[in-house]
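Peer 1: So the protein lines, in turn, are chains A and B. Start counting the first sequence at 88; every next residue gets the next number (this note's numbering). Start counting the second sequence at 9; every next residue gets the next number (this note's numbering).
Negatives, chain A to chain B, calculated, CB over 10 Å:
no., residue
1, LEU120
2, ASP124
3, GLY134
4, SER138
5, LEU153
6, PHE158
7, THR221
8, ALA261
9, VAL270
10, LEU271
11, LEU274
12, VAL279
13, ASP303
14, GLY305
What follows is a list of derived Cβ distance ranges for each label pair:
no., chain 1, residue 1, chain 2, residue 2, range
15, B, PHE171, A, LEU274, 52 to 60 Å
16, A, TYR222, B, SER75, 26 to 34 Å
17, B, PRO73, A, ALA255, 56 to 64 Å
18, B, ARG129, A, GLU146, 46 to 54 Å
19, B, PHE171, A, ASP214, 53 to 61 Å
Bear in mind the hints are in silico, worked out from the structure with no lab data behind them. For clarity, every value in this text was computed on a predicted model and none was experimentally measured. All C-beta atoms, glycine included, are put in the ideal place defined by N, C-alpha and C.
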Amino acid sequence: MTSRAELTLGYVILGVFSLIALLPVAGIVFTALQDPDGFASFGSIDGLHFSNFTTAWEEANFGTYLRNSVFVAVIVVSVSSVLSILAGYAFGLMRFRGSTLLFYVFLLGLMVPMEAIIVPLYYEMRDSWKLQNTYWAIILPQIATSVAFGTFWMRTYFRSVPRSLVEAARLDGASSWFTLWRVLLPLAKPAVLTMGVLLFMWTWNEFLLVLVMITDDGKLTAPLGLSVFQGRNTSDLTLMAAGSVIVALPVIVVYVFLQRHFIRGMLSGAVKG
Amino acid sequence: VTVAAAPFEAAEATREGSPGDRPPGEPRLVGYLYVLPAFVVFACFVLYPLGEALWFSLWEWNGLPNSPATWVGVDNYTDVFTDEELRSAFAHALILLIFYAVLPILIGLLLAGVMARARVRGLAFFRTILFLPQVIAMVVVAVMWKMIYDPENGALNRFLGWFGIEGKSWLGDFSLALPSVGLIGTWVYFGLAMVLLTAGVQKIPPSLYDAARVDGAGPFREFLAVTLPGLRGEIAVALTLTTIYALRNFDLVYITTQGGPGDSTTVPAFQVFSRAFESSQVGSAAAVGVTLTVVIFLISFMINRVAERST
Chain A
88 MTSRAELTLG YVILGVFSLI ALLPVAGIVF TALQDPDGFA SFGSIDGLHF SNFTTAWEEA
148 NFGTYLRNSV FVAVIVVSVS SVLSILAGYA FGLMRFRGST LLFYVFLLGL MVPMEAIIVP
208 LYYEMRDSWK LQNTYWAIIL PQIATSVAFG TFWMRTYFRS VPRSLVEAAR LDGASSWFTL
268 WRVLLPLAKP AVLTMGVLLF MWTWNEFLLV LVMITDDGKL TAPLGLSVFQ GRNTSDLTLM
328 AAGSVIVALP VIVVYVFLQR HFIRGMLSGA VKG
Chain B
9 VTVAAAPFEA AEATREGSPG DRPPGEPRLV GYLYVLPAFV VFACFVLYPL GEALWFSLWE
69 WNGLPNSPAT WVGVDNYTDV FTDEELRSAF AHALILLIFY AVLPILIGLL LAGVMARARV
129 RGLAFFRTIL FLPQVIAMVV VAVMWKMIYD PENGALNRFL GWFGIEGKSW LGDFSLALPS
189 VGLIGTWVYF GLAMVLLTAG VQKIPPSLYD AARVDGAGPF REFLAVTLPG LRGEIAVALT
249 LTTIYALRNF DLVYITTQGG PGDSTTVPAF QVFSRAFESS QVGSAAAVGV TLTVVIFLIS
309 FMINRVAERS T
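Next up, chain A with everything else stripped away, as it sits in the complex (with noise of 0.2 Å):
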């Protein structure tokens, strides 16, 4: 067995990390309970005033960026989700000519990153589908992007079905539709969330796509509402962090209650474009 010491020493590293993970998070919260009038400074403490979420979220428009993000993120995961549903539940599931080689170039999604196509995406949004400036300049490119991820986690967890199940409604003359939606999704459910929590992370802390393809302030996600205020008021500690806490709180959110879904999928592995 393990010597005490050893035991205690692994206690000790988890301990000194957990708390390095901690503080910065910790610090911006304090800070933002500083008092506006005073003189902030990251991660001190001089009472609770909370006034800064009111003020950030009126005056500094916080308000409006969360609203932007909430929709675009209910259309982009909700969307992606179903599309990626059919799609894995196709690639998985059923046997179709040439359906290796299309599941090969949605894989390859995996791999590409924004950086890649954010340049042609931009002129195309901007001189072919006059979308720039639109929802739909960031809505679209996210949900391809989704589809990609969405649909080779649905393939795997299609694949896992057991056979006979599928076999059995297919005997009982169910259409390949009714299968899905009444047989197999019921039980698909935590595999659904974990990818709905996922893509719902990464929609919401998109931004290059929204940087380069978003200009009118009133349209701005929250990261980028974020990222512009930092800009026009560095000076201004207590709101900025403020303003941060506004910006990571719905993730976090989630975060702590579907911890496990969030933990399982990222620690297999799950990147998207």
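Knowing the structure of chain A, use the given hints to seat chain B on it.
Peer 2: Okay, now just chain B, sitting in the frame of chain A:
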């Protein structure tokens, strides 16, 4: 099955073509219908722009709607190797690999080595905390660390002040800026490596450790002979993920340093942005983006090949 290693693993599986892997039933044309909607969106907004990026990268164009483009062939790609700014961008990306990938994995290995034969209790609790930095938007992480690194009023300089150490301009100094940005990456990803490797080490059969002990192996030998080989798969996953994050790092550089001071923290992803949208070198930006994709692909492929071969 890991997603990062997926393209390579999936290729292996089909080559072997085990019958159990086949989907049930007869061939179904309806499969195309199910794939169609996803494929259309994917083709329009990933495949088509990717092809266009290849095409753009062979031209010199300033990005204005009515201005002509000049054919330059592979010149934009030779620039990647000869242009001072681009060369340093790719060199910086490789240095950042040490901070994003190597350091977190070393920290993870340290913990895994110590905890090798222990049943870790409460790992779930630590896991929740250690994963937290990864779910926070990179913009928030960047704003947070800018405040910590701030030369006037930053938490780091105040902390060092307690020990009588003189503060520095962490992000403003030519030689300190890149490691300072890199350490932010370490902060974000060490939790991933720690959790992945500690979970992995718990799956190594204790009999292997007993055998090593009978053979008279000390703790260090034991680590090299049992723990490290046993963690090969987990190390490959951690390395692939952190490498991809390191190479794609844009938000962090954009917020903290804008590539500065000088070019000291510029990275390929930042060059794509600044060339395409600030300095009117659209062709070159596309070429950098394509090169970055190829580098990401090659490195992930190599990592997974090495991990596979030594199995």
